[in-house]
Amino acid sequence: DSGVTQTPKHLITATGQRVTLRCSPRSGDLSVYWYQQSLDQGLQFLIQYYNGEERAKGNILERFSAQQFPDLHSELNLSSLELGDSALYFCASSAGPYTGELFFGEGSRLTVL
Amino acid sequence: AQSVTQPDIHITVSEGASLELRCNYSYGATPYLFWYVQSPGQGLQLLLKYFSGDTLVQGIKGFEAEFKRSQSSFNLRKPSVHWSDAAEYFCAVEIKGEYIFGTGTRLKVLA
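These protein sequence lines map, in sequence, to chains X and U. Convert by adding 2 to the 1-based position in the first sequence; the result is the number in the working numbering. Convert by adding 18 to the 1-based position in the second sequence; the result is the number in the working numbering.
Hints may be right or wrong, so weigh each one.
[Said to hold, decoys possible] Cβ pair distances, simulated, as ranges:
no., chain 1, residue 1, chain 2, residue 2, range
1, X, LYS11, U, ARG124, 15 to 25 Å
2, U, ALA47, X, GLU56, 19 to 29 Å
3, U, PRO58, X, PRO10, 15 to 25 Å
4, X, ASP73, U, HIS100, 35 to 45 Å
5, U, LEU128, X, LEU41, 16 to 26 Å
Don't read these hints as lab results, they were simulated from the structure. Ideal Cβ placement from N, Cα and C applies to all residues, glycine included.
Looking at chain U on its own, in the form it has when it is part of the complex (with noise of 0.2 Å):
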């Protein structure tokens, strides 16, 4: 069955150090792939997505991610945290017309 691995459940990082969530999937093809956010009594808002062409596309906000097909892996990063960003990360994909969340990160953000 297809599924999504978000093996950090809680990720804690200081003001201005970098940041990296990881996001495995499990599908034998490359499905569609999205990085969510919410905040704290939130929806979730679209962080960027990828569909095909340059493996690192560019988000909103200063995010980033790469897909890698050798490791079924689409891993989000951001140069410098900033106190904002801390929230709940969801890496999800879209596999003929469904769509599959991880469990989410949630990130801290030390002043």
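Same shape as in the complex, but just chain X (with noise of 0.2 Å):
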């Protein structure tokens, strides 16, 4: 058990909707990263906060958008979604910046119908 937790571990939806992932990190950590992994792509950075500000962004489409709560939970919101959205997200966590490695979540698999 990595102690991040990711809810919910399985989404279907259709085209068009929107959804949203949680994240919470291990206890004391105060970065969150998001990845979406898929078969085509790999794993994918999609962004980075710590300590509730937005620190990196990587291939993150629009349409998604994220945030770190003053308690640290994470949440991704993915709107006006698309049959190719459909993947494995990840949530993982690290002490902060420059402090090793990441804790991965089980993810949360989401089907686009």
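Starting from two chains that each stand alone, build the complex the way the hints lay out.
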């Protein structure tokens, strides 16, 4: 158990819909990272937050947004969903930048029909 | 741009055989280096990491990795593979707070 909790584990929705994925980092970790894993794209970095502030942005679509709340949990919002958004979305946490390894949650599997 | 290359997409070995998974990175300095393993339906779990010092690092589950600065490589090894090692393995680097992952190597173990 990494200590990182992601909900929901599975989600099935239709094109055009909006979903929210939630992540609770390990106790004490200030940094949260979001990754998308699909068969054809591998593990793609989406966005990183540190103590509530956006710190880095990767290949995140404009239809996607995220935030980190004062209690340090984070949410990834995906809107106007397309078939190609079907993927496994991972959250990871670390104590902070430059502090070593990431701890991953078990992921949220999104299926868009 | 910085990158991590895992040249082998799939590797198949027999149980009990030795294993080496290759990883090369592109960066001017030495980054922090990691190997993660992902079992089906699971998140990524850290196998081992290299920050500095001894270039041969030991990890969990009997894995080790060797950092070779001259080759910009960080190859993962295991002397005797077990059937439970079947999984996908990711090499990663941390550069200035950004984590870059390789595309992964899927390991199949034959009984």
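Right, here's what the structure says about each hint:
For the pair LYS11(X) and ARG124(U), the supplied restraint of 15 to 25 Å holds, since their beta-carbon distance comes to about 22 Å. At about 26 Å, the CB distance of ALA47(U) to GLU56(X) agrees with the hint of 19 to 29 Å. Our hint of 15 to 25 Å for PRO58(U) and PRO10(X) holds, since their Cβ atoms are close to 19 Å apart. The hinted range of 35 to 45 Å is satisfied by ASP73(X) and HIS100(U), whose Cβ atoms lie roughly 41 Å apart.
For the pair LEU128(U) and LEU41(X), the beta carbons lie near 23 Å from each other, so the given range of 16 to 26 Å is met.
Figure legend: structure checked against the earlier numbered hints; every hint is met.
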